[in-house]
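Residue numbers (the numbering used here), protein chains in the order written: chain A, 1 to 763; chain B, 1001 to 1763.
What the hints contain is simulated information worked out from the structure, not anything from laboratory work. Glycine included, C-beta positions come from ideal geometry on N, C-alpha and C. One should not assume that every hint holds.
[Said to hold, decoys possible] Which residues of chain B face chain A? A partial, calculated answer using Cβ under 10 Å:
{"#": "1", "residue": "ARG1021"}
{"#": "2", "residue": "ALA1022"}
{"#": "3", "residue": "ARG1027"}
{"#": "4", "residue": "GLY1446"}
{"#": "5", "residue": "ALA1475"}
{"#": "6", "residue": "GLY1577"}
There are 2 protein chains.
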Amino acid sequence: MSMVSAGASQIGRSLPRLEGRAKVTGRAEYVHNLRLPGMLYGKIFRSTVAHGRIRRIDTAAARALPGVFRVVTGEDICKVIPNPYYGPAFHDQPILALDKVYHVGQPVAAVLAADPHVAEQAVQLIVAEYDELPAVYDEVEAVTSKAVVHDELKPAGAFADLKHLQGRKNTNVALDYHLRRGDAEGALAQADHVFEHEFRTQQVMHTPLEPFVSVAEPRENGITIHSASQGPSFVRVEIARLLGWPENKVRIKVPYLGGGFGGKLYIKLEALVAALALIARRPVKIALTMEEQFYQITKHAATLRIKSGVSKDGRITARKCEVWWNGGAFADVGPRVTQKSGFSACGPYDVDNVHIDSYALYTNLPPAGALRGFGIPQLCWAYESHTDMMARALKLDPIEFRRRNLLRDGRPQATGTLVHDTPLEKILDRLAVRLNWGAPFDRGNGTVRRGRGVAIGFKAVISPTTSMAIVNVSADGSATVYVGTVDMGQGSDTAMAQLAGEVLNLPAESITVVHSDTDVTPYDMGTLGSRSLYHMGHAVKTAAEEALAKLRALAREVGLPEGTNVPVAELFRRKYGMQAGNVIGTGSFVPSYTPPEPGTGLTTNVTPFWMAGGAGCELEVDTETGHVRLIKLVNVADAGRQINPRIVETQLSGASIMQLGFTMSERMDFEAGQMTNASLADYKIPGLHDLPRVIENEAVESYEPSGPFGAKGVGETATFAVSPAIANGIEDAVGVRLMQLPLTPEAVYRALRAAHGTPLGEE
Amino acid sequence: MSMVSAGASQIGRSLPRLEGRAKVTGRAEYVHNLRLPGMLYGKIFRSTVAHGRIRRIDTAAARALPGVFRVVTGEDICKVIPNPYYGPAFHDQPILALDKVYHVGQPVAAVLAADPHVAEQAVQLIVAEYDELPAVYDEVEAVTSKAVVHDELKPAGAFADLKHLQGRKNTNVALDYHLRRGDAEGALAQADHVFEHEFRTQQVMHTPLEPFVSVAEPRENGITIHSASQGPSFVRVEIARLLGWPENKVRIKVPYLGGGFGGKLYIKLEALVAALALIARRPVKIALTMEEQFYQITKHAATLRIKSGVSKDGRITARKCEVWWNGGAFADVGPRVTQKSGFSACGPYDVDNVHIDSYALYTNLPPAGALRGFGIPQLCWAYESHTDMMARALKLDPIEFRRRNLLRDGRPQATGTLVHDTPLEKILDRLAVRLNWGAPFDRGNGTVRRGRGVAIGFKAVISPTTSMAIVNVSADGSATVYVGTVDMGQGSDTAMAQLAGEVLNLPAESITVVHSDTDVTPYDMGTLGSRSLYHMGHAVKTAAEEALAKLRALAREVGLPEGTNVPVAELFRRKYGMQAGNVIGTGSFVPSYTPPEPGTGLTTNVTPFWMAGGAGCELEVDTETGHVRLIKLVNVADAGRQINPRIVETQLSGASIMQLGFTMSERMDFEAGQMTNASLADYKIPGLHDLPRVIENEAVESYEPSGPFGAKGVGETATFAVSPAIANGIEDAVGVRLMQLPLTPEAVYRALRAAHGTPLGEE
């Protein structure tokens, strides 16, 4: 029954983002713009030592500064939150330091003032003295170091799979993950060729252009927190836990986000502003500076060791991976990265004998969490560099070598879960076509040499996770969608409106998407890991279907024969005698999941879907300077059925450019735990001149049968393969292999000097 | 299955209001406190003539005042809203005057400025010239007056029953309502006694202590209006109609209200602020002063003529009622008052032959709408004064006379609808007991004389109307209720939490009630006419029951046997592996209703329930001054089953005190359409010293089988009978009968002088 006049299908429509005009006209709401009556600004005093016992904190001068409302230390926090430790996997992070500090930049005290400049000035007047403790910074050293970051592990109570770690003492290993399939050692011993390489990645920052910001507002009977958060439902539960309150006394409201990239997940500033607001009995806002963001959350540096056994005919028969994740001082979601990406350490290859060890390490650096790819870009950097090095050693074409070993649909991934609907081969084919792989290639000459590289990766979605949605049809036939998904630039509002519109046969433009507000929008696990379109998309589709069924029931009730084409508004008028009423559908979705077997890590169902993405590049290397210039970057990805091709395209280009920054220039530099480049003047994110001359993005034709209308997430896919594709291109151009990110001119130059003594062309 | 540990039942709990602490600590949100960035204040320039054609409006001096952002007239409004006429029954009210003005105080222009004082100053600089037109002020004169307020009737398109009025010209009768049952004329001709009296009531004001206030905020793709409104769903639909937008582009948000009493229904300032905000492209706030409220909306003055035929044995055999409602210049909901209260003009009496005519009149006074009782207090004033006068003439005890004629359950009310579950007799009995009716009574002496009076009334609920609710259970077992019902002091949040808690077996304190926000809370017809507890109560109960059914299904799904007592939180953990997810129930309610037959006005089902209330008083009259002092006021009411007895009690005392003001002192005085006492200095609402020494409130034991847990609304019940009970007491004390409200000392004194020549005691 067509309830409204039929329009074009909403699926596959390159509808401009619903919020686009609001953003470019400056009307879109951000927490940064929020001021509340009586609001105080909080500024944070931070640790200057990487590991130490607090001897004393002298706040007298700060308190004496005119205009200062209050100076708060960890002890004050304990008066409103007796056990002020939080974290999504481990309750290891204090709201403000208690007794000890664990990394440079850790919040130690906070100043509240009506004027943020006064608060900042007062922060400068605080003096803290520490007894410094031995510190550890390197993730591999951390395994055996006598410098122990935390005395005892404190896994979050909610997770059964972490319970065995409770109370484990004197270790920096927060979590060790192991997967064993087949007989890797045996197969390695029998392999025709064995290759082993070690790669490293650096610590980097998410750099959301809207820095972290939260405002807490005490209410009678509760608290409202306005936060730039990707996970309002999680924040609600965690704040309720910290305060010992029921969930519904805690309200988390999230307007638009100026980027998140995994940084704004879990508790960031929310616990601190909540505690400060309860202490002050006033609204409190904390907005980090761009510089402070470097101390809030980062991406895991990692050391990755890969060993493969290969048969004469170029088939990988065994693989052993060891990965050490540098989690910094607090675990954040690092243990989940260790596990949930750990099992993908082998890459998208069909290998019968697999041995994976993945370790989440504590060190005395700023904490690391998820960053657009949840560990996969680090893994892919390693395994796709490794793949190319093997191909080169075996004198096989790198695409051909990959093709021989690719995981095909129906074959088991490392965990034993059969791969389905994952067009890895199609991606590789399209990369080859777009790079003109078989055709002659101008390799440059003189001091500028040219090369090409490809890489391919894939990722499981975090499972099992839950999303719920409400779809509310108004009496004039327009509709509202209530979702906890946070639109942080990825276009989720538009996509959800398109999905609901497709079911209800309404143009997406007539659908309003209500922003995250935990008193309003139902539970969602979080906007992360490319899960929203699939999970929330399902919930929205189900809710819209329920609403449609109710509309059809309403049509029957008011005596319309099945199939009558009557506008929705008319149905309501017949039922209620006027423009009144709603039809409300609800939907929830949690995919099926089979937990891995303890010990082996094997399971038949580790993820509801896989996301695959490949990158290819043409580049030139200036051998005199080491400077690498990208001529062309090709991103080919699997997006399932595209709901909005224009948004898919921008997700692919955006993700690849972000990864390009991590590949070419971004690196947090530390000396003895002190970051030496904590500013965007010294920490280089890609600018317009750093972009490839050509970026091509392609979503291959694909369909995820378990996805809503065949869709799957695409927010991370184009991050996976960029780094190794470029490193592979550099070796192709100038014959040197870089084992460590970023691929700076200096690194290339040094490698060239080491290999050739002099720049090419001057030989 | 008890899903949570069983607590005490939530029904019948005198739980303190959930919002009580927020209100007394100043934390409760009101629109008056809302300031938005870039917000402009609007001040209104108003008509100084009662009826006139606008010759010119000179805004030059106002525009020239430094700080004035813009001066807006009706013509400017037309640029954003081409047809700017609104109204719930008739589209007769322009946002700002166009061509003509219809009453003193009508908005003619508006000034916008960032500083409200500048805006106010600029208003004083506007000059308007009018060609005055003949005006009419009296509701009875309006029927035949050559002064016609509106050239043509413009009923709202939505209502089929008003369609026949479309385009009717040159009449002040907006709507004429007629009911005919039996043969009133014939029965009057044959009656042993015939009594005919004419009563009048005055125009009064709602006097919400929070004056009208609205803030409009233009958004990309829509508009948000924060408004002190009792009917956000209606406002949304009406603003969408005015703008020609779909409903979901219009968001109406309502926090707490500082009183409403029917005044804040339908469009008040919302259309004006919306138009101004769209013109200014900035947020616009208008907050009326207490004085301006007198021109916004009032209560109908009325002239009521009642004629009864009575048999020798004191049975009323016939009744003829004519009622003229003074609607002022714009119909507002007056036509509905005319109809929906019109059919109750006979009162709670069992009369076989009924003839009712009820007229909604336009006059050149400020518009009148609903005010706590929807016309019933005016009708009851007349019919219960009439009842007492007949009893006195027949030398029957007034209680006994009423008892003989009361409508019993199962007997047809005037419309033919059978009365059910309406404890009229019980109320009368309890009044008699509480006044010690049979016992000797000290009648005073000298210049101070004492008397007693009783009265009883009843009311149908406005039908058919719709409410919808969502109940959302969080993973820790707390819950949230989404309702459009506006808590304006009546305690609806608390009641809704109790109803949901009763179903879910949760204490009401652990339930959050989300405030009206049309993007969030589903449709509700409006918070009016004592309908919310019944209608929204049903919707909440149904939604909670659906949530409970889903919780039970969840329990079965996770393998718990029926009847297992497992906390809700544990269910969610078993389902989702963590504290995640929600269970969402939705509910809607629209009671059955049979429209009246055209012509006779008869129907078998005019209302789902009846509300009955009686009042009794002991008073003394100072015959030297005419001053009436209430010794005791007794309110006995039917509340069905009481959800929260403490709130019922405050509703009864609050309603009776409000009606006491209308009875004793409040009156808007007009001279040729100019109000002469538009200030709380001159317009007297009850103060502490005007209260009776004793107020007793009693809700009789009753149960509404069609109500949620047996409940029915009680917000208006104690307004019905106060005025006639006091007038009856005055006659009992000093033998004079006042036919017109208010019963001021002057009126009493004049009546005494007219009757006795000199004060009593000086004879």
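Hints versus structure:
Among the interface hints, the one on B/ARG1021 holds; its C-beta lies about 5 Å from the nearest C-beta in chain A, closer than the 10 Å criterion. With a least beta-carbon distance of about 3 Å to chain A, the hint placing B/ALA1022 at the interface is held under the 10 Å criterion. Contact between B/ARG1027 and chain A, as hinted, is supported at the beta carbon level, the nearest pair being about 5 Å apart and thus within 10 Å. At a threshold of 10 Å, the smallest CB-CB gap from B/GLY1446 to chain A is about 54 Å, leaving the interface hint violated.
A distance limit of 10 Å between C-beta atoms decides the matter here; for B/ALA1475 the minimum to chain A is near 7 Å, and the interface restraint holds. Hint status for B/GLY1577: holds, given a least beta-carbon distance of 7 Å to chain A, under 10 Å.
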